[in-house]
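Could you build all of it, start to finish, from the sequences and the hints given here?
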Amino acid sequence: MGTDTQGVVDAAVHPRMLTSQQIYDYLRQPYSGLVYNSPNRFFHPTPTGIPPFGEWLEQSRPDGEVVTTSAGTYTAREPGSVPARTHEYLRANGVSQAVLNPTLRGLVPAADQGSAICSAYNEWQAATWLQDESDGLRFLGTIRVNPMDPEGAVAEIERWADHPRMVQVGVPLESHHPYGQRYYLAIWKAAVAHGLPVAVKAEGGVGVEYFPTMTGMPRTHIEFSALHRDRFFFHLASFIAEGTFDRFPDLRIVFADGGFDMLTPAMWRMDMDWPITRTEVPWVKQVPSDYLRQHVRFVTNRLEGPPDSEPETVVEWARRTDAAHLLVYGSGYPVWSSARPDQILPALDDEDRDRILWGNAHELYASRLAATR
Amino acid sequence: MVSAESRDPQAATVPVRVVDCDVHPVPATMEEFIEHYPEPFRSRYFTRYREDVPLSFLLYTPHSNTGGNQGMGGPGGYAMPPRGGAGSDPDFLAQQLCVDNGVDYCIMNPLFFRPRHWDAEWDAAHATATNNWLAANWLEGRANRHGRYFGSIQVSSMDAQAAAREVERWAGHPAFIQSYMLADSFVPFGAPQFEPLLKASARHDLPLATHLYRHSGIRSMTPVGFPSYHVEALPNWIFTYICHVTSTVFEGIFDRYPNLKFVAVEGGCEWVGPLLWRLDRQWEELRAEVPQSTRRPSEVIREHVRFATQPLCEPPGRGDLTRFMEWGGAEEAIVFSSDYPHYDFDPAPWVTQQLPESWRDRVMAKNALETYGLPAERPRDYLDDIEPQNPRKQAGERRYAALAAASAGHGNAETPWIESAD
Amino acid sequence: MTSSHSVRSTPTSHVVGRVDDLPPGSSTFVPVGKFGVGVYNVGGEFRAVTNYCPHRGGPLCVGRRYPVIEPSEPYQFEVSGEDEILKCPWHGWEFDLRDGVSEVGTKRIRMHRVRVEDGLVILEGV
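Residue numbers (our numbering), protein chains in the order written: chain C, 200 to 572; chain S, 49 to 470; chain G, 57 to 182.
These aren't lab readings, by the way, just hints derived from the structure by calculation.
To be clear about the criterion: a stretch of chain G counts as covered by chain C if any three or more of its residues have a C-beta under 8 angstroms from a C-beta of chain C, and this derived list gives those stretches:
no., stretch
1, 113-127
2, 130-142
3, 148-154
4, 157-164
Reference listing, derived: stretches of chain S covered by chain C, where coverage requires no fewer than 3 residues with Cβ under 8 angstroms from a Cβ of chain C:
no., stretch
5, 266-272
6, 293-306
7, 325-335
Each residue gets a CB set at the ideal place from its N, CA and C atoms; glycine is no exception.
As structure tokens, this is what we get:
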């Protein structure tokens, strides 16, 4: 596979609204009369006066740009909200298609309000970013749904499933139950019925979530940064143990924050106890790690994995962890740790890097992704 | 298998080849434990209607194996001594571990009776009772006449001042070689509130160990709610250890206490390599926030953190396990543990076989000897002169004799009266 | 253990016991061979198993017996039989006594011939 025949697919771009008020353009009464979290109210804020100088890439910060939408004209305030800047970043990376997965505002206590916010973000994507065909760069979207409202989530999936640019369903990494538990079955069923993978991604603010780690609240930002992504595993183990993958052979889950580096050791542990758990979960028909290739993908993250200064270790580690099949490249733009393609596992050979940079994404999103020119 | 022939029968001392960093003794009777319980709790709870007071809580999550009912415990179970529950008899344990499995030193981490998470004072008293009991029944006198048993000073994570006092109380005791907190906590162990405990441990050159309890209740909740089944709860635990290790590194506790070591017990070791890489990358970018963390995390961890092997995984690929252990610092940071007598215990001979010759003895003994400052040669004792019998054949005979006796209405108790944790 | 007049243990066969003393569901232990052998009555047929688990060498015959549980739909259980499954007391690996195959994976337990003659259960070849 040559490296020039296909453009890079960036599977994780997180556009933000021009201002936090822009959401009201896409909410109807009575939801447009309520108050919502702003989209960057994080606990554990990224330090701004010392490295890395804030949550966002410098390049993504607006500089007075005025952006016109079909609903109104705005002076952009939020990093990652200016399409021209996103274009600039992505084109420099050789990206031809980008999967947008907006981060919302945290888990909302009232399930119906949370669903209203999801609807608003879906309409906003469809009305703005997904219409943008400039520059040959194609944007694809995520149907954001609220797992706290399974009926509403199914309705939202039904509403958008045939939109030509929506390629996946999106749910937060944060939840009140592991996602394999029975409360969420209807959501996965609907996603599978429409051939849509499900992306699990940390929220863009803090609402009514539980502690982000097993040992409560990290005191420092670096601890939060190092630990919070591992929440993926509790969901993954739950999908397996509850038989969700056995129930839905076509279900595909994408963990969009990373955490791939911890996958393999954790799965070995799960494999070890699987033989004895038939009396508890006889519906788990395969060794847990055998579910991975068919059902799970991880977006890349440049803050994990062996150092690039040890290329032999990188190559061996990738082989032992099946990295070339399980990873899909995603920059994470506009966060400060956004990764360029050349920063991701440069030691791997062309064939493996092509898989990660566009091959696995094409396979994952199948007919919903066009072959690039 | 460590063979008897490799040890000169005439020698007065014997080289230490196997240090087992995780053994779980239990009281043989309730009385044996209660007599060590401090007041006012002893009178308040353990004299009248004491059966009404739950000391154990539901293991989270329970599985038919974990109670030992499938054959580790029960009548004639593999780990069942002639009287008492699995792990309750010092001589029987010595036979099984030291003779049958070739273990030289056993480090005892009591893990019965859940901590009192709602009351710091009771929790501290409970730790005191545990230490009193361990010293009297396992570390001193006839039970430890061979000198092979060492112990961990249990302290409560809810009150670091009380923990420091407990450490001071036992410091200098020849058999207590580390302090020890249960890992189920909503505050990670590098946090500032633990300073008095770190100070006391460091002052007395005692490593600080942690071991998960995983009982039911809010402290076993994950960030996304409560998992349903054992098969998912088990691998979830490694993340508790990952949090504690990360906290100790970024809070810079090893910079403040250069002689302090942190030992993660029953978290396993296959995740250490990826953690070293991850923390190094995070530190390279974000270290300005934590000036107290002055050195590269992978260096700090190799020097100051130890990871006990159990439960050792069985990855499918050839070389997977040993490569991940090498990436995780097997040469200095990984120490053997068995978790005897729990259901998923790792026998020393089996673990030895999984490891390459080049660093086998580092993991099986040397790393632990250095971490705990234990002698690399020990006096020859009567256990060395006991020929390992045929433990499996004996176990079979014992089992069937006990089953026959049980069906005839006498013999050892049907189920362990103390719920085994893992 | 009693034996009838005409059947004795030989170096490679052992009288285990009387059939009447080993009804379906029961088992006994014969301390022969390297590890000993467990002899099981599985629904009227006898099986003999080396007391050594192929997983990590546990004393397999110290384990308990369980009914068969088939792979099933989520939250459904398909239980059959009573005591066909032997579970190792160490890590709980399970083996079907009828054919020696582990319930998951590919490991097998070592089995021996057992015959019934003149009302006696006889273990052979150990």
